Amino acid sequence: MHRLYNSLEPRVMDEDMLKLAVGEQGPREEAGQLARQEGILFKDVLSLRLDFQNILRIDSLWEFENLTKLQLDNNIIEKIEGLEQLVHLVWLDLSFNNIEAIEGLDTLVNLEDLSLFNNRISKIDSLDALVKLQVLSLGNNQIGNMMNIIYLRRFKDLRTLSLSGNPIAESEDYKMFVCAYLPDLVYLDFHRIDDHMKEMAESKHQYSIDELKHRENLIQSRLEDEQAQQEELEKHKAAFVEHLNGSFLFDSMYTEDVEGNKLAYLPGISELLQAYKDKFVIICLNIFEYGLKQQEKRKLELDTFNECVQEAIQENQEQGKHRIAKFEEKHLLSLNAIRDESELTNFEMKIVEYGKDITELFNVLMTLEMQLVEQLEETINMFERNIIDLVALFIENVQSLMAQCRDLENHHHEKLLEISINTLEKILKGDVDEDLPDDLRPLFVDKDTIFNAVGASHDIHLLKIDNREDELVTRANSWCTHLVDTIHKNEIMRNRRRVKEINQYIDHMQNELDSLECSDVID
Amino acid sequence: MEVLKEKVEEEAATERAEAAERGEKLLRPLDARREEAPMTQEMLRDLEKKLSEIEIVVPEQPLTFTKDSIDISKLPLSYQSNTLKEEHLLQVADNFSRQYSHLCPDRVPLFLHPLNECEVPKFVSTTIRPTLMPYPELYNWDSCAQFVSDFLSMVPLPDPLKPMVQEEEKVPSKKYAIKPPRDLSSRFEQEQEMKKQEEMKGQEEKQRREEEARLLEVEKANIDPLHGLRVHSWVVVLSGKREVPESFFIDPFTARSYSTQDDHFLGIESLWNHKNYWINMQDCWNGCKDLIFDLGDPVRWEYLLLGTDKSHLSLTEEEDDGMNDNDDVENLGKEDEDKSFDMPPSWVEQIEISPEAFETRCPSGKKVIQYKRAKLEKWAPYLNNNGLVCRLTTYEDLECTKTLEIKEWYQNREDMLELKHINKSTGLNIDYFKPGHPQALRAHSYVSMQPEMDRVMEFYETARVDGLVKREETPSSMTEHYRGRSDFLSYRHVDFGPRVKKLALNSAESNPRPVVKITERFSRNPEKPADEDVAERTFLIQEERIQLRYHCRDDHITASKREFLRRTEVDSKGNKIIMTPDMCISFEVEPMEHTKKLLYQYEAMMKLRNEEKLSRHQAWESELEVLEILKLQEEEDDAHTLAISIYDTKRNEKSKEYREAMERVMHEEHLRQVEAQLDYLAPFLAQLPPGNKLTRWQAMCVKEECLSDFKQRLIDKANLIQARFEKETQELQKKQQWYQENQVTLTAEDEDWYLSYCSQAMFRIRILEQRLNRHKEQAPLKYLALEEKLHKDPRLVEFLKVFV
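Listed in order, the protein sequences are those of chains A and B. Take the first sequence: its letter number 54 is residue 54 in this note's numbering, and every next letter is one higher. Take the second sequence: its letter number 672 is residue 1195 in this note's numbering, and every next letter is one higher.
Misleading hints may appear alongside valid ones.
With a straight-line cut-off of 20 Å between C-alpha atoms, the simulated EDC-like cross-links for lysine to aspartate or glutamate are [stated by the list, open to error]: (1) B/1258 <-> B/1273; (2) B/1084 <-> A/242; (3) B/1120 <-> A/242; (4) A/279 <-> A/242; (5) B/1119 <-> A/242.
What the hints contain is simulated information worked out from the structure, not anything from laboratory work. Computed from a prediction, not measured in an experiment: that's the story for all the values here.
Please model the entire structure based on the sequences and the hints provided.
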């Protein structure tokens, strides 16, 4: 009757429907009474069942942040949507709906059990995010291509699969194919796959599977290589000397330098250029190695610092814990004593005494904390000085190396100019060199032109070197400031948290005492 | 007789070294300890002490050993008489003894040829018979000596001053010389020791005073009138062979080894082994400390026989002593007539120790050793039906009347009890168990076996599902420690209230003490956030209060707390109150929204109440377990069954039964096989009325029938072969006829077919012919053989005999 009624009228999820469902499926009996009294927040709901509701569109579920199990089976849903917020979902049932494509599941990384039984799906895809998938039910759909099964190879935890009722399941080879391509599968179409079957499937499809595996391995190793390279680069970046372990900087100087490239064809220039490049690269390598070394040093410094700070904090915490434990022991006794005390004067005296104890505890804890703050302050300042010195030294040395680069460039520039002028003179004298490339000729018109050309080239080179230097210096400095800032901030946060914690605790104790007082006064 | 035997056995076990000693024993079992009256003072003095200890202990013991206890007649001839060579040796010894007493009139007469159990004089060296025993324990001097000491029971001499013997064991037969224990003491411990010593100095003052008082007492008790007069015999192991680094003494009664420098040994009179006899010519004014055990040195050791084995000794000694002239002196000075004389072979029977006797060790399996203020009792395994093998009792006073503590060692107990330690002064008992107790008990210390008393039980926690390490009980509480549990429980403390009196209907068992408080502690579960991981929970059951303390976060110093109260169940209007905010007081390090909700608190409380029930149940089960362990222990004490190794074929009833069953099955199998052989008489016997004995006539009939039947069979067989033969022949003739008639019209194929048929038929006929001939030959033989068999058939033989 219910079903019939619903079938007449497709529904959209709304607040009322959800409330009703939550209320129905919430706690029972006494707990239910409480729940009604207080109301249930959607975000506290862990499991929700919305079957046979004739729902057409999934909606209004964003409040159920902590939902782990959601049943939406036997509705008329056509599109998977509105589930993006339910990142904790482990169990999702969308069977017996009208879904045509798998989509909208990209945020559900915790999903382990997905049922899309009896829908209109024709292709398995868009499941890449579901790395924990263990159970996948895709029976009674329209999947017709065997290649869909290969897609499932990426789910390393997949153990149970159902595909019966699809066009592919009618194929003679279906079972063998699935078993061969998904060797970790344990249950297929609600049957356990026996070892014999597995072996047969394996031997039957061995050739194509080996090929597939080979391809997969290739891709895997390429990915790993890329990753390793990326990591290496990150490491260099952390040392601020990325791309300095080669001729990268030198090459970049010439990429935008049109005149320079042209001038390179002048006789005698190529040898000059080669010598220049060699020297330049050596300096770059020096910078690179120095940078890595300095990075190690900074890291060591930072690690030592962190370790020491951690130790200090730990020790301080132990002391605090010890104090509190001692207080708590006493606290239980005195609370009982106060409760048992019948005489008013004694009672009040004890209350006062207890109050004093609490204040004393507060003082002790705060003293401890202040001590720690002072100690840490000192350490942090020391570290700050050291790290700034380290970075300054690093920058200074890099700058001097960069200056060498510039000297090289200047030297090269002079030589180039000299050769250029000589060549110009030769040309003007009509002593034309046959080898001179055609595009060089326009440069050798007069002295100004050649001067400008060589100068422009020189300027570009210097600019590149300066840019690289500036980049390095800025980044190193900003890293340093950022680090110091973070440390300071963290320390302040820590201190705030601790003070808050102490206050909270003391307040709680005081409250307890007060309530005791009140209750006794009332009594 | 028995005792003698035991002694003999014991000796055998001990190999050569011990054999020497046994010689002494064997010869004169009575005088386990002999003494010579006019010994050197020192010598006597040194024997004294050792003996004094032992002798003082056992004096009440009556002499168990009398000569008539030995059945002389059963002893071999060698015991009862001397061979010519032995007689000769005795003469030599006499001669030697006379010269000796002439030369050294002050010294005690030599102990050379005591009477053996058959009252026959035997030279001491011939009482030693080196024997190799099949027990690996006997290959080391220490375990061997231990065995001998266990095996000997000491009987004091009627006169402790009478006979005296030293025996010398040239080279110990122990191939595993002991090495000095490695110095494992740590420097740290030494430092600690230093500190301790400083501390102790203060105490020492006090102790010294006590010492003085005690010394007085000891002196009073310790004045020994026989000091220096007693005679003892013991074993000396000389250095040199088998990697023995230096000579040492072994006391046969205690199996302890002593350095030759030991104060207890006051001197040595003479020394012998199975080859020779030496007299000590050195002065023993300083005990044995200055003695040089260089038996090749005739100045220090006067030998009786110019033995063959002396030479190698002198070689080793020469270097040590630098006594260059000793060879000459020997050769010149001693009796030349003895030169070629060898020690005769031992007259003693080879010693045999049965595995049972070896296991039993002590005579009758029991040995008691009395020490100063202590008594050690040993039993053979399985002798006591409660598995007791050793008991050490220490006393407060010298008279051994006030017991201080008792230690009892057990073996082969089914409950794996290993050691029972009873402290009499405190009344505390501690039982130690080996792994394998049904409840994995490791140790149990208690004052009383009554339940609900002070006790501590320790367990092998890895053998227990619940990981229980220790359970301590007092009359009003029980504390349990756990380790390695999946729920991280590490501690549970239960306080009990006084037992509520119940109606008489209920028995005591169904009236457990009310639980007042349960405290449980949990170690940190790394999978939970600290704020949700309970560190300690306390159920105050009578106040209906539950306190929770959570673990502390890593960077915090305070931990969350929560307290649940169950108050009135009904409000003023009579409605049931489910949950109110004041029923849960909580302190949260970081307040969270959802924990403020009543529903959350209600659910938490419900869960806790369930867990409270579980914990109470657990406490109750623990109590039950204690009862069970106590019951088990009681049962075990009452009716102890001892575990028997499956390899112990003698004691293991099961394996014995099994083995016997196997043997029985084998036997039956064999019988069946015999029966299964063809019974050619069966069909004829079956025709006779069953049960009746055969009459002679019947027997004859059976035989005749059997024979005639067999004859018929033979004839039938011959006829059959004959018939086939004739048939084949006829067929062949027919075919031949047919061939001749149609020869003209036949095709080549048919002809081929005919020819092959002919050759086959001819072959068959020939075979049949051969068979028939052989049958004819053999039939009479077979017939005769059957007749022969029937003649011998056990069922017919008696009837047929008469007629044959």
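Results for each hint:
no., hint, in the structure
1, B/1258 <-> B/1273, "holds (12 Å)"
2, B/1084 <-> A/242, "violated (53 Å)"
3, B/1120 <-> A/242, "violated (55 Å)"
4, A/279 <-> A/242, "holds (19 Å)"
5, B/1119 <-> A/242, "violated (53 Å)"
The earlier numbered hints that this structure contradicts are 2, 3 and 5.
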